[in-house]
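Peer 1: Sequence:
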Amino acid sequence: MDTLNPDHPPLVMTRAEHAPPVWKFWGTALWGLFIFVAMFVGQIGAVVLLAAQRGLPMDLASLQLVGHEPQTLALSVIMGLPATLLAVWLAIRIKKASFVDYLALHWTSWKQLLLGAVGLILIVLVWETMSRALGREATPGFMTDLLKSGRDKGAALLLLFAFSVAAPMSEEILARGFLYRGWSASFLRVPGAILLSSLVWTIVHLQYDIYFLAEVFTIGLWFGYMRYRAGSLWLTIVLHALNNLTAVVLTMWVGG
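Residue numbering for the sequence shown follows UniProt numbering, beginning at 1 and increasing consecutively.
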């Protein structure tokens with residue numbers, strides 16, 4: 001038998017051979033940059049397409065004019081999702097890994113969802129209280145103007161879908177999906193991956209001031225922890241969607 005033959009020792013699988021293929025620190029960072037660029041190109045492509053349909057010249061002034069309209073901005077955010085999915089699929093495909101497993105697209109328990117929601121509510125309430133104490137707006141002024149303008153111009157549902165479905169999916173797939181997966185398997189481990197992916201997610205929101213960026217970063221840390229705790233990206237997508245949905249509804253129809 002081979003087990004008794006020194007020339008043919010038994011095959012023993014090492015832990016590394018069992019580990020699923022995954023991009024590590026630099027691979028994840030470079031592919032993450034590529035995915036972000038793809039998302040941006042998808043968003044800008046929607047603006048260019050709408051400007052071309054109107055017969056406008058392809059210059060910066062025309063693109064800015066079209067891009068500031070609520071319908072255009074909503075379509076831009078929506079078009080960033082398929083571009084993001086395609087770029088992430090390519091990165092995972094090259095590694096010959098499972099798209100679902102790589103991104104942890106598995107549902108979690110209602111207990112984890114409840115915990116995540118309660119934690120999110122507490123974080124938002126703390127920041128809301130601080131905003132009121134400092135005499136600040138709970139929602140950035142430009143977002144309030146955009147959402148109310150969209151409501152008045154008949155783009156409410158489109159904006160609602162863009163900010164409550166498309167944006168959470170795109171951002172979570174990038175941050176808590178692809179970036180967390182690779183960086184948590186690198187020298188950063190889980191704590192470093194949560195911290196760095198939250199920082200990247202915060203940088204994506206540079207249109208906000210430093211106060212709102214701090215709030216975004218805090219929420220990102222909670223999402224990262226829940227991603228680790230539950231092992232589910234769907235959980236953070238749902239939490240992100242609930243957060244955005246509440247903010248959009250309050251701003252559009254309640255005046256919060």
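Be a bit skeptical, because a hint or two may be false.
[Said to hold, decoys possible] DEER-style ranges, computed between Cβ atoms:
#1 Leu65 to Phe187: 45 to 55 Å
#2 Gly55 to Phe187: 51 to 61 Å
#3 Asp101 to Phe34: 26 to 36 Å
Simulated from the structure, these hints should not be mistaken for laboratory data. In this text, all values refer to a predicted model and were calculated from it rather than measured experimentally. Don't be surprised by glycine CBs; every beta carbon is placed ideally from N, CA and C.
Peer 1: Now tell me, hint by hint, if it's right for this structure.
Peer 2: How the hints compare with the structure:
no.: 1; hint: Leu65 to Phe187: 45 to 55 Å; in the structure: holds, 47 Å
no.: 2; hint: Gly55 to Phe187: 51 to 61 Å; in the structure: holds, 53 Å
no.: 3; hint: Asp101 to Phe34: 26 to 36 Å; in the structure: violated, 21 Å
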